[in-house]
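Sequential numbering from 1 applies to the sequence shown in our numbering.
Because the hints were derived from the structure by calculation, they are not lab data. Mixed in with the good hints, there may be bad ones.
Stated by the list, open to error - Only pairs whose alpha carbons sit at most 20 Å apart, straight line, appear in this in silico SDA-like list of lysine to any residue: (1) K167 - R99; (2) K205 - W160; (3) K152 - S117; (4) K164 - Q153; (5) K167 - E122; (6) K152 - G238; (7) K103 - W57; (8) K210 - E59; (9) K185 - F226; (10) K129 - T76; (11) K129 - V142; (12) K167 - L104; (13) K205 - I235; (14) K224 - M182; (15) K152 - V198.
Because the structure is a prediction, the values reported are computed rather than measured.
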Amino acid sequence: MISTTGSTVVVRSLLPFRSLRLIRPYNKHSLFISCCSSVSKKVAISAIDVNPVVERWPEYIPNKLPDKNYVRVLDTTLRDGEQSPGGALTPPQKLEIARQLAKLRVDIMEVGFPASSEEEFEAVKTIAKTVGNEVDEDTGYVPSICVLARCKQRDIEIAWESVKYAKRPKILVFTSTSDIHMKYKLKMTKEEVIEMAVSSVRLAKSLGFKDVQFGCEDGGRSEKEFICTVLGEAIKAGATTVTIADTVGINMPQELGELRITDADLEALVTCSDEISSEKLNGSVPQTS
Numbered sequence: 001m002i003s004t005t006g007s008t009v010v011v012r013s014l015l016p017f018r019s020l021r022l023i024r025p026y027n028k029h030s031l032f033i034s035c036c037s038s039v040s041k042k043v044a045i046s047a048i049d050v051n052p053v054v055e056r057w058p059e060y061i062p063n064k065l066p067d068k069n070y071v072r073v074l075d076t077t078l079r080d081g082e083q084s085p086g087g088a089l090t091p092p093q094k095l096e097i098a099r100q101l102a103k104l105r106v107d108i109m110e111v112g113f114p115a116s117s118e119e120e121f122e123a124v125k126t127i128a129k130t131v132g133n134e135v136d137e138d139t140g141y142v143p144s145i146c147v148l149a150r151c152k153q154r155d156i157e158i159a160w161e162s163v164k165y166a167k168r169p170k171i172l173v174f175t176s177t178s179d180i181h182m183k184y185k186l187k188m189t190k191e192e193v194i195e196m197a198v199s200s201v202r203l204a205k206s207l208g209f210k211d212v213q214f215g216c217e218d219g220g221r222s223e224k225e226f227i228c229t230v231l232g233e234a235i236k237a238g239a240t241t242v243t244i245a246d247t248v249g250i251n252m253p254q255e256l257g258e259l260r261i262t263d264a265d266l267e268a269l270v271t272c273s274d275e276i277s278s279e280k281l282n283g284s285v286p287q288t289s
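Please construct the entire structure, taking both the sequences and the accompanying hints into account.
Written out as structure tokens, the structure is:
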């Protein structure tokens, strides 16, 4: 491993090396070259021995992955991570973490719940204006900045006002879909929940969001047939990504394994919780086919 300077690039083979890959973090002043030799492990190489070829970052299409071998990363440290006891972050801390996530080349950053407070709104807005606009000239990388909103008009409108400055604004709009949540929390019928979900996705699209993720809170305890219905209607309304959240951490791998999203023009996610120490097991179960 040799330290020098440069961007995320791939260096074409220079004999006797089979391959050279240059991996650059966001900071333009650090570059690491890893190499393997088919002739000798003792061969030395310096930065001037190679002619870097810049590798463009994969094109970001909200509802699909152009390269089936590419792993798209969504990080929710700045939103869901704050729900951990003692995990509250100040706006400057959130901005600094967002910059570090950009150095790691995170594709999507879920950065907050702007309707929750004025301070949260301003923190999200700052990240959208800065990190959300810092395009790497060499690779084209820029993160998608995602915010959370309930299926409420006020939440969605505030979400747009906070993140509209980013080059790739994204919203995750959600509602509860389990019987117990619909009855005691929402006090709504299934039909009313479906209508609320559809109208919320449509509102987000009308405001300017091209990337809309719809999530089922407590999806782990929801009827599978109802999940299929509400997700289907959300997709028709314009959702590009759907999420089934095992909010209370009740599901086991075989149960999540039964869920299959077969729409080729859609991204599907499963959110796992660790109340019964099953998060890592559930997270390893393939969710698409």
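Hint check:
1. K167 - R99: Holds, at about 15 Å.
2. K205 - W160: Distance ~10 Å between K205 and W160 Cα, so the pair holds.
3. K152 - S117: holds, 15 Å
4. K164 - Q153: Between K164 and Q153 the Cα gap is close to 16 Å, so the pair holds against 20 Å.
5. K167 - E122: holds, 17 Å
6. K152 - G238: The given pair, whose Cα atoms are some 17 Å apart, holds under the 20 Å limit.
7. K103 - W57: Between K103 and W57 the Cα gap is close to 13 Å, so the pair holds against 20 Å.
8. K210 - E59: holds, 15 Å
9. K185 - F226: holds, 17 Å
10. K129 - T76: With Cα atoms ~19 Å apart, K129 and T76 stay inside 20 Å; holds.
11. K129 - V142: holds, 12 Å
12. K167 - L104: holds, 18 Å
13. K205 - I235: holds, 12 Å
14. K224 - M182: holds, 15 Å
15. K152 - V198: holds, 11 Å
Violated hints: none; the structure is consistent with every hint.
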